[in-house]
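Asks: Sequence:
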Amino acid sequence: MDFKLTEEQQIFFDSVRKFALSELAEGAVERANSKEYPWDVARQFAEMGLLGITFPESDGGMGGSLVDAVLAIRAVAEVCPKSGDVIQACNFGPIRTFVEYATPEQKKRFLPSLLSGKSLISLGMSEPDAGSAVTELTTSLTQDGDGWRLNGAKIFGTNSVEAGVYLVYARFGAGTHGIGSVLVERGMEGFSIGNPSEFMNGESWAPLFFDNVFIPKENVLLGEGGFKKQISGFNVERLGNSARAVAVGRHAFNLAREHALARKQFGRPLAEFQGLQWKFADMELKLSAAELLLMRAAVNAVDAPGGLPSAQDTALAKLACNEAGFFAANEAVQIMGGLGFSIESTAQYCLRRTRGWMIAGGSLEILRNRIAEGIFERRFDQRGDRN
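So the sequence shown is residues 858 to 1244, counted in our numbering.
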């Protein structure tokens, strides 16, 4: 068992990290405090080949592995937390599900703008009455000639304000088997985007409304029976969430470490106080353990069908990374005192970001349920008695 990166992986990580330190570190605080998506960074990453790392070269990607994508997000987010969002959006999120299952014609239509940093794809999954219970969604499709009519609403979509295309979970028929997905383009008749609302982390989201929107057959990504494929692709999104959480936690840890070495109280550096030493030991333990679980999930996915991580590996990694990232960010703010709480530092931003990831992409409670199912090798019905 080898816990070291290959020479090629190390070179890749170092090159991305070097770019982040030279080009992104200086503006990290300003980006964190900005409500805008960093399009300038997206275009830079596109030129470097960091958008679509795991996608086949025939689709405009690098043909790399999920490990490479995880390394990229860590190399960037540990230096500039906000810029890590770009790696996530163009490698892990709904774009990964799209590339896995889209037709050649769909890829030709949408990928060029997505991989050049000029457009974004957003996921329309959560609904007002169906958040974590995604199988309870009511957004539905009814057949109309060669196409479909889409009706319903979605909420809490990352990048929903900026996106040009939306991967929308919808119901073709009854039951879990009836759930699939379609591609909704901004500007389609009957499709409207509501007023943006702001999350605690500074990002904005907008509700999506579908009023008899005509979906041509060319915009169906996965038809009836496609739910399991969508969820397997969603596991990649969860690893992107995990990678950002632990990397942002590591960023906060590094800030606190530098502060503890430089800041003096009672004539001594903070690093010499045992109480703070224990805080750093606990942070390092949690971050290192989470990083190992994350890398295990990514490595195991390399030889898995479709290069997709398993649900159990993913759930363990996300739970560990979410908790470790938040723990480290919270402790960093405490160690840094007023400076950590100030918007002039990225420490408080890390705290807000990591807190949100404990909800997004599968809450900690849902992850624990999934892990228990893996332990007992059976599904547990969480719906309860409906009589």
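Keep in mind the hints are simulated off the structure, nothing from the lab.
For clarity, every value in this text was computed on a predicted model and none was experimentally measured.
Some clues are possibly wrong.
Unchecked claim - Straight-line alpha carbon distances no greater than 25 Å define the calculated SDA-like cross-link-like pairs of lysine to any residue that follow:
(1) K875 to E904
(2) K965 to R1235
(3) K975 to I1050
(4) K1085 to T1033
(5) K1074 to D916
(6) K1085 to K875
(7) K1074 to A959
(8) K1086 to E904
(9) K964 to P1073
(10) K964 to Q1122
(11) K964 to E993
(12) K892 to T1033
Claimed, not checked - Simulated restraints on C-beta separations:
(13) P969 to A1128: 44 to 54 Å
(14) Q1191 to D1001: 54 to 64 Å
(15) T863 to L1142: 25 to 35 Å
Here a beta-carbon is modelled for each residue, glycine too, at the ideal position from N, C-alpha and C.
Asks: Confirm or reject each hint.
Replies: Hint check:
1. For a cut-off of 25 Å, the pair hint linking K875 to E904 stands: about 16 Å separates their Cα positions.
2. Using a Cα cut-off of 25 Å, the hinted pair K965 and R1235 is violated, with the two alpha carbons roughly 41 Å apart.
3. Of the supplied pair hints, the one linking K975 and I1050 holds, its CA atoms being roughly 20 Å apart against a limit of 25 Å.
4. The straight-line distance between the Cα atoms of K1085 and T1033 is roughly 9 Å, inside the 25 Å bound, and the hint therefore holds.
5. For the hint pairing K1074 with D916, the CA-to-CA distance comes to about 22 Å; that is within 25 Å, so the pair holds.
6. Distance hint between K1085 and K875 is unfulfilled; the C-alpha atoms sit about 39 Å from each other, more than 25 Å.
7. Our distance criterion of 25 Å between C-alpha atoms is met by K1074 and A959, whose separation comes to about 12 Å.
8. Restraint check for K1086 and E904: not satisfied, since their Cα atoms lie roughly 31 Å apart, outside the 25 Å limit.
9. Annotation: proposed proximity of K964 to P1073 holds, straight-line Cα distance about 16 Å (limit 25 Å).
10. Distance hint between K964 and Q1122 is unfulfilled; the C-alpha atoms sit about 59 Å from each other, more than 25 Å.
11. The hinted pair formed by K964 and E993 fails the criterion: a straight-line CA distance of about 29 Å is larger than 25 Å.
12. Taking the CA atoms of K892 and T1033, the gap is near 37 Å; set against the 25 Å cutoff, the hint is violated.
13. At roughly 50 Å, the beta-carbon separation of P969 and A1128 lies within the given 44 to 54 Å, and the hint holds.
14. Here the CB-CB span from Q1191 to D1001 is close to 57 Å, well matched to the stated 54 to 64 Å.
15. As the Cβ distance of T863 to L1142 is approximately 26 Å, the hint placing it in 25 to 35 Å holds.
Of the numbered hints listed earlier, those contradicted by the structure are 2, 6, 8, 10, 11, 12.
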